[in-house]
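Protein sequences appear in the order of chains A and B. 1 is the number of the first residue of the first sequence in our numbering; add one for each residue after it. 1 is the number of the first residue of the second sequence in our numbering; add one for each residue after it.
There could be a bad hint or two in this list.
[Claimed, not checked] Partial pick of chain B residues on the chain A-facing surface, computed with a CB cut under 10 Å: (1) I13; (2) L16; (3) G18; (4) L21; (5) L23; (6) M150; (7) I157; (8) L242; (9) F281.
Calculated directly from the structure, the hints in this document are not laboratory data. C-beta: ideal position from N, C-alpha, C; glycine also.
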Amino acid sequence: MTDASTESPRMTQPAATASRFRRQWAKLKRNKAALVGGVLILVFVLTALLAPVLYRGNPSAPNLMKSLEPPSLENPLGTDELGRSILGRIIYGARVSLLIAVGVIAVGIILGIPLGLISGYYGGKVDFIIQRITDAMLAFPGFLLALALVAVLGIGLKNTMISIGISMVPIYIRLVRGCVLSVREEIYVEAARAVGTRDAVILIRHILPNVMVPITVQTTLGMGTAILFAAGLGFLGIGVQPPTPEWGAMLGSARNYLFHAPHVATFPGIAIFLAVLSFNLFGDGLRDALDPRFKL
Amino acid sequence: MLNYLVKRLISTIPVLIGISLLLFFMLRMLPGDPAQVLAGQMATPQEIENIRHQLGLDRPIYEQYAIYLGHLARFDLGRSARTQNPVSQEIWARLPNTLLLAVVAMGLACLLGIPAGIISALRPYSWIDYAVTMTALFGISMPVFWLGLMLVVLFSIILKWLPAGGTGGWQYVILPSVTLASFVVAFIARMTRSTMLETLSQDYTTTARSKGLTEKVIVVKHAFRNALIPIITVVGLQFGMLLGGAVLTETVFAWPGIGRLIVDSILARDYPMIQGTILVFGLLYILVNLAVDFIYAFVDPRIRYD
Numbered sequence: 001m002t003d004a005s006t007e008s009p010r011m012t013q014p015a016a017t018a019s020r021f022r023r024q025w026a027k028l029k030r031n032k033a034a035l036v037g038g039v040l041i042l043v044f045v046l047t048a049l050l051a052p053v054l055y056r057g058n059p060s061a062p063n064l065m066k067s068l069e070p071p072s073l074e075n076p077l078g079t080d081e082l083g084r085s086i087l088g089r090i091i092y093g094a095r096v097s098l099l100i101a102v103g104v105i106a107v108g109i110i111l112g113i114p115l116g117l118i119s120g121y122y123g124g125k126v127d128f129i130i131q132r133i134t135d136a137m138l139a140f141p142g143f144l145l146a147l148a149l150v151a152v153l154g155i156g157l158k159n160t161m162i163s164i165g166i167s168m169v170p171i172y173i174r175l176v177r178g179c180v181l182s183v184r185e186e187i188y189v190e191a192a193r194a195v196g197t198r199d200a201v202i203l204i205r206h207i208l209p210n211v212m213v214p215i216t217v218q219t220t221l222g223m224g225t226a227i228l229f230a231a232g233l234g235f236l237g238i239g240v241q242p243p244t245p246e247w248g249a250m251l252g253s254a255r256n257y258l259f260h261a262p263h264v265a266t267f268p269g270i271a272i273f274l275a276v277l278s279f280n281l282f283g284d285g286l287r288d289a290l291d292p293r294f295k296l
Numbered sequence: 001m002l003n004y005l006v007k008r009l010i011s012t013i014p015v016l017i018g019i020s021l022l023l024f025f026m027l028r029m030l031p032g033d034p035a036q037v038l039a040g041q042m043a044t045p046q047e048i049e050n051i052r053h054q055l056g057l058d059r060p061i062y063e064q065y066a067i068y069l070g071h072l073a074r075f076d077l078g079r080s081a082r083t084q085n086p087v088s089q090e091i092w093a094r095l096p097n098t099l100l101l102a103v104v105a106m107g108l109a110c111l112l113g114i115p116a117g118i119i120s121a122l123r124p125y126s127w128i129d130y131a132v133t134m135t136a137l138f139g140i141s142m143p144v145f146w147l148g149l150m151l152v153v154l155f156s157i158i159l160k161w162l163p164a165g166g167t168g169g170w171q172y173v174i175l176p177s178v179t180l181a182s183f184v185v186a187f188i189a190r191m192t193r194s195t196m197l198e199t200l201s202q203d204y205t206t207t208a209r210s211k212g213l214t215e216k217v218i219v220v221k222h223a224f225r226n227a228l229i230p231i232i233t234v235v236g237l238q239f240g241m242l243l244g245g246a247v248l249t250e251t252v253f254a255w256p257g258i259g260r261l262i263v264d265s266i267l268a269r270d271y272p273m274i275q276g277t278i279l280v281f282g283l284l285y286i287l288v289n290l291a292v293d294f295i296y297a298f299v300d301p302r303i304r305y306d
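Using the sequences and the hints given, assemble the complete structure.
What follows is the structure in structure tokens.
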């Protein structure tokens, strides 16, 4: 928050910000669950970035001679129906999941934040129209909305990102609008308006920083939801398509071999679970550290 | 009360029209020709044109929507482009299966989630509280379809206690409903915990305690009753999550419900069926939230609908 009334009056703005940051960081560090989440996120991101180093080979190249092999020294997590290393596909799958999560959040933020800012700041007819569209979108549960959008846009990686991203837009709109409503009457906003500051500058320089806390928390938790939704779509066969290594799609095809090779379905599920858990743990901790008032 | 019921029912009509409008125009405005998809890769332009005419896709879009809305008013959701059967007939045949799954799952979720949340709130920051909180977080993070597969591996393949999928007797309902319940139980437990923590610290709870009432009476009659409104709200909202989860659970267990029908329709680009199924899901969600509004009045006499 830009309101630094709790700080010493002699403290300069950057010093106050640094002090607040240190306090929040200390609080976050004390939260063991958040730390575990943070470490898991780091592992997840490093796995995605270093995939070609961690697994040397083509994770999509079939080798039917090794079809459905159980875990062994050569293939620590076994092989799938086409003889591909499950470990290799999980490692490369981290890339796909991370890419989707980042893409989804980008769509949500790019559309949701400006609409929320405009809706909350201007009010009136603009607010009414944006809010009624938001209502209609929120009438569908998130996963169903993403499903409906996939039905429209078609299947594939890009459309998975766009569909899930759009399904998150109303959440950002509501969140940002709520925060804007609570700060738009503040004296510093009124003062900026009084000296003739343009609306765009007021929105970006004075109001947006006040919305950053809930946005940061929502974004962290949203990353987990994005991975879960994308895996769900992949599992149903309407998300990322084979042979791209995607965790949900891996589970979808593993379903046919449950009786003969249950290990094929076990490990991709653990990967999804850990990735989602990491963002949920970290997001919860972040919320408690940054501002516990923002219970989502 | 009756007035309120009628008003609320009428107020759902514009929402439904809004949803149908959104679905109808979204499906038609964006790329992809359903006539081409239905006719297949080898179809001649004439065949594609015939299908387009059959489906009314050659008419102006507003005309298509007006016809669609007229049919909707008569509960006629059109014919499936894939099977040629009436959409309403196919939905009607599968709706009881989805509802059975959803109701059993929600019942299970409440039976587990509410007591877990209460116990957690009664011993805050104890090992049991941490256990419940962490289990809830695990539940929220777990992909429901993966849990379903793992339950099949354990109970159907290894132990051979329960069927792996399909429909039949009560034993076919257990695994899908447990899977689906896992999707929402965590949210219910978390909400129960936080609202119970709040009501347990209220003045009326302190007063009840100072009057020497037993802990059971304080928890059940004072704290829990006052915590019910947010719990019911979250149960209503989670019903929507349950419907989303049903799509995945029905796929895992080859359960013949509406969820699986949506996926099959999306894969076949069966527009009338996609519209119909999603509209019915929207309607179910609205009806549940309507029901939640009325339940408020029963659990909290302070709420009156005039």
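Evaluation of the provided hints:
Taking 10 Å as the C-beta contact cut-off toward chain A, the hint placing B:I13 at the interface is violated, the least distance being around 13 Å. Taken as an interface hint, B:L16 checks out: its beta carbon lies about 9 Å from the nearest beta carbon of chain A, inside 10 Å. For B:G18, the shortest C-beta to C-beta distance to chain A is roughly 5 Å, which falls under 10 Å, so the interface hint holds. The beta carbon of B:L21 comes within 8 Å of a beta carbon in chain A, closer than 10 Å, and the hint placing it at the interface holds.
For the restraint placing B:L23 at the interface with chain A, the shortest Cβ-Cβ distance is roughly 7 Å, inside the 10 Å limit, so the hint holds. A distance limit of 10 Å between C-beta atoms decides the matter here; for B:M150 the minimum to chain A is near 7 Å, and the interface restraint holds. At about 6 Å, the closest approach between the beta carbon of B:I157 and any beta carbon in chain A falls short of 10 Å, and the interface hint on this residue holds. Here the hint on B:L242 is kept, as its CB sits about 8 Å from the closest CB of chain A, short of 10 Å.
The interface hint given for B:F281 is met, as the beta carbon of that residue sits about 6 Å from the closest beta carbon of chain A, less than 10 Å.
Consistency with the previously given hints fails for number 1 only.
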